[in-house]
Amino acid sequence: MHSKHWISALALTAGLAMGGFVASDSAQAQTTVRIAWYSDGNEGEVLTDLLKRFEAQNKDIKVVLDQVPYKAITENLPVQLASGQGPDIARVVDLGGVARYALDLRPHLKDAAYWEKNFGPFLPWMRPEGDAKAITGFMTQLTVSGPFVNKTLFEQAGIALPGPKTSWEEWGKTVKEVAAKVQAPFPLAMDRSGHRFFSVAISEGAKVFDAKGEPAVIDDGFKRGAKLVYDWHNAGVMKKELWGSVSGTAYRGANDEFKNAQVVMYQSGSWQIAQFDKTVGDAFDWIAVPAPCGAGACSGMPGGAGLVAIKTTKSPEAVAKVMEYLASEPVLSEFYARSLFVPGHLGIAAKGLDYQGASPHAKAALKVFSDQVAQLSPVAYQLQGYTSNRVIFNAVISRLGQAISGEGSLDEAYKRIESDIAQQIAERKK
Amino acid sequence: MASDAPIPAAQPERAGAASLLAAPLALPMRLIDWPMQGLQRLIGERRMAYVFLLPNLGFFSLFVFLPLVINFIFSVTGGAGLFPSERPYVGAQQYAYLFDCGSFLDASSCREDHFWRGVANTARFTIFQVTAMVLFSLLTAVVLNMKIRARGFFRAVYFFPVLLSPVVVALTWKWILQRDGLLNAAITSLGGERILFLVDPSWAMFWVVFVSIWAHMGFYTLILLAGLQAIPADLYEAAEMDATPRWRVFWRITLPLLWPNMIVVIVLALIRGVQTFDEVFVLTGGGPGTATLMVVHYIYETAFANQVQNFGLAAAASVVLGVVLFALTLLQLAASRRKGAA
Numbered sequence: 211m212h213s214k215h216w217i218s219a220l221a222l223t224a225g226l227a228m229g230g231f232v233a234s235d236s237a238q239a240q241t242t243v244r245i246a247w248y249s250d251g252n253e254g255e256v257l258t259d260l261l262k263r264f265e266a267q268n269k270d271i272k273v274v275l276d277q278v279p280y281k282a283i284t285e286n287l288p289v290q291l292a293s294g295q296g297p298d299i300a301r302v303v304d305l306g307g308v309a310r311y312a313l314d315l316r317p318h319l320k321d322a323a324y325w326e327k328n329f330g331p332f333l334p335w336m337r338p339e340g341d342a343k344a345i346t347g348f349m350t351q352l353t354v355s356g357p358f359v360n361k362t363l364f365e366q367a368g369i370a371l372p373g374p375k376t377s378w379e380e381w382g383k384t385v386k387e388v389a390a391k392v393q394a395p396f397p398l399a400m401d402r403s404g405h406r407f408f409s410v411a412i413s414e415g416a417k418v419f420d421a422k423g424e425p426a427v428i429d430d431g432f433k434r435g436a437k438l439v440y441d442w443h444n445a446g447v448m449k450k451e452l453w454g455s456v457s458g459t460a461y462r463g464a465n466d467e468f469k470n471a472q473v474v475m476y477q478s479g480s481w482q483i484a485q486f487d488k489t490v491g492d493a494f495d496w497i498a499v500p501a502p503c504g505a506g507a508c509s510g511m512p513g514g515a516g517l518v519a520i521k522t523t524k525s526p527e528a529v530a531k532v533m534e535y536l537a538s539e540p541v542l543s544e545f546y547a548r549s550l551f552v553p554g555h556l557g558i559a560a561k562g563l564d565y566q567g568a569s570p571h572a573k574a575a576l577k578v579f580s581d582q583v584a585q586l587s588p589v590a591y592q593l594q595g596y597t598s599n600r601v602i603f604n605a606v607i608s609r610l611g612q613a614i615s616g617e618g619s620l621d622e623a624y625k626r627i628e629s630d631i632a633q634q635i636a637e638r639k640k
Numbered sequence: 038m039a040s041d042a043p044i045p046a047a048q049p050e051r052a053g054a055a056s057l058l059a060a061p062l063a064l065p066m067r068l069i070d071w072p073m074q075g076l077q078r079l080i081g082e083r084r085m086a087y088v089f090l091l092p093n094l095g096f097f098s099l100f101v102f103l104p105l106v107i108n109f110i111f112s113v114t115g116g117a118g119l120f121p122s123e124r125p126y127v128g129a130q131q132y133a134y135l136f137d138c139g140s141f142l143d144a145s146s147c148r149e150d151h152f153w154r155g156v157a158n159t160a161r162f163t164i165f166q167v168t169a170m171v172l173f174s175l176l177t178a179v180v181l182n183m184k185i186r187a188r189g190f191f192r193a194v195y196f197f198p199v200l201l202s203p204v205v206v207a208l209t210w211k212w213i214l215q216r217d218g219l220l221n222a223a224i225t226s227l228g229g230e231r232i233l234f235l236v237d238p239s240w241a242m243f244w245v246v247f248v249s250i251w252a253h254m255g256f257y258t259l260i261l262l263a264g265l266q267a268i269p270a271d272l273y274e275a276a277e278m279d280a281t282p283r284w285r286v287f288w289r290i291t292l293p294l295l296w297p298n299m300i301v302v303i304v305l306a307l308i309r310g311v312q313t314f315d316e317v318f319v320l321t322g323g324g325p326g327t328a329t330l331m332v333v334h335y336i337y338e339t340a341f342a343n344q345v346q347n348f349g350l351a352a353a354a355s356v357v358l359g360v361v362l363f364a365l366t367l368l369q370l371a372a373s374r375r376k377g378a379a
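Chains A and B supply the protein sequences, listed in that same order.
Read in order, the letters of the first sequence are residues 211 to 640 in the numbering used here.
Read in order, the letters of the second sequence are residues 38 to 379 in the numbering used here.
Read the hints as simulated data drawn from the structure, not as lab findings.
C-beta: ideal position from N, C-alpha, C; glycine also.
Hints are not guaranteed to be accurate.
As the list claims (entries may be wrong) - Pulled a few chain B residues facing chain A out of the computed Cβ check, cut under 10 Å: (1) Q77; (2) G116; (3) L119; (4) F136; (5) H151; (6) A241; (7) I268; (8) P269; (9) G322; (10) T329; (11) G349; (12) L350.
To be verified - In silico lysine-lysine, BS3-like type, Cα no more than 25 Å apart, as pairs: (13) A/K469 x B/K184; (14) A/K469 x A/K386; (15) B/K211 x A/K281; (16) A/K383 x A/K361; (17) A/K433 x A/K383; (18) A/K577 x A/K375.
Using the sequences plus the hints, can you model the full thing?
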């Protein structure tokens, strides 16, 4: 009896081992490329479709798409990369922070000039500090911070929509009137994010850097922007649920409130279009409006997510092949069009994209944001390209949030912002 | 008697399945048996206990002691590197930075004000939460120990929140407490004004304490209930025969005999209070401002949420927190020994 069981156990073990051997033998023929990816809308589904086509054309490469939360990209990925255990390719938003782990694709690309020509202005955002030539990735989406407006609430209130070049102060007053008339709880909502705040601050004249290109964040323009946001909270134009309700660097958005028609004006950005198109539908008229103005400019903040090759990859050739496929004009056109993204490819942007399947609302909003790209302040581009920009963003969110919630004055917040930035940059340089 | 009882015959199918599963283990066990017998002859039977403890001690060293040592090494290094070899030695600089304060009672006078706000909030939270938790747990245990109707049901109800994940607890309460949450719906339907519970600093701290008590009270109630059930019934019978008032029975019999359990509950609740993070992080995100920012949340933010992940400063703060927890653990050990002696 016992010997029978021994034989069965041995047979089972041998069978499993043989199966594993056969499986590993067939897998050896393929190179696996892992991509760490987060999604704001449907772009993960679109990419999955595109990668299936790539795999059909390239039987020797298997692409594994690890879809992870946004927080995993901002908080876990840097640790993975520092330990050398990261993916082969990653979709990142902290372009400057991740740049030092990026792979220079030039030796593996068939046509590096194509990349220079079409992604030229954005390549420096993804380059390691001090490197002026590397090609490490491309922008899966170019985002522009800017406001959405619930037009239906304006119509219900009987108040005319302000035109282009209206100042932030004027917008603040108008949306408060609208909210009061239609009983909307949020006249103006702004994501608790550095990009959103600096759209206001740069418009108000913030220069962010000194003549040597070093951070000099607190100036008159910055103070005007900060005071505006601070005063809006005290005057009830903005509610404390976003900026004043959490601590530290936490992000808070007002997507749900905007979708529920509780927000008159929502300072967010172009990546929300696909989501609003899907969730708001025809429930009310929502539009994107050009960036409001301040004493310095009428500018949003550029940003976005880049797909970056990682230098610890064991298969740089396969990685380059995947990147070339995804960055090719027809594939990228389809990706931008189906995801409703502002293109980060100059050729595609120049030709214009046909966003098939998008509603008239979404198409109009995409046009507003695409037109804004040319209007962005040079300071905004400089800040986006600065490798330690998240140090600045996080210090501002944290300290301004404290002042808004009633912990200290704006002047105290300014001092803390300066010392936080200095301390973190000094730590990085050690 | 029991050893003489006939051993029931195993079900043939079960025995077959068991021996099939045990078969792969039988061979290595037989192989181990020979060297173990040799080792036992060599070192003696009494010392074999240490041999059996070694694997566990190995795991403990790998997953507890080694991280502790690495954490301490990080706390005396600087920079943004991940591996100790990439990090410059800075001595006690991180500790000096943490303790650079004009006055320890005024967080805004400290260079690293968020750490001290975290310390103050954690202290406040722990004092209120532990006091209220112990009182409510005691009250609940006493009631659940009485012969009340549906006692089993109520015991299960009070214990149920302990089984929930802290994230589920926090999200559930967030939906109840937010602007358009259940509680505000109830208040406004009764004609009251909407209250922004998670935006007002005082309310936020109140609800953080309340939710924490709601979520964990069942566990401490269970410990106290076990203690109450261990008190000999004849003491109560004697008191009843003497017509002793109930409050006097509670003060003179119940509380003194329950005291060892109370100490354990207090110390365990203190340790958990100091370590609080998950529920508060999801419920309030440490806000409004920094009104509910706890020390562990500060450590997390410093180490992971910033672009420059300041592991050195976070590690120094963890060492400080570790010292506090170590002191509380010693307190618990002392209390347990006293309980054992009693």
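Evaluated hints:
no.: 1; hint: Q77; result: violated, 27 Å
no.: 2; hint: G116; result: holds, 4 Å
no.: 3; hint: L119; result: holds, 4 Å
no.: 4; hint: F136; result: violated, 15 Å
no.: 5; hint: H151; result: holds, 7 Å
no.: 6; hint: A241; result: holds, 8 Å
no.: 7; hint: I268; result: violated, 46 Å
no.: 8; hint: P269; result: violated, 51 Å
no.: 9; hint: G322; result: holds, 3 Å
no.: 10; hint: T329; result: holds, 8 Å
no.: 11; hint: G349; result: holds, 8 Å
no.: 12; hint: L350; result: holds, 8 Å
no.: 13; hint: A/K469 x B/K184; result: violated, 53 Å
no.: 14; hint: A/K469 x A/K386; result: holds, 19 Å
no.: 15; hint: B/K211 x A/K281; result: holds, 20 Å
no.: 16; hint: A/K383 x A/K361; result: holds, 16 Å
no.: 17; hint: A/K433 x A/K383; result: holds, 20 Å
no.: 18; hint: A/K577 x A/K375; result: holds, 17 Å
In this structure, the earlier hints numbered 1, 4, 7, 8 and 13 are contradicted, and the remaining ones agree with it.
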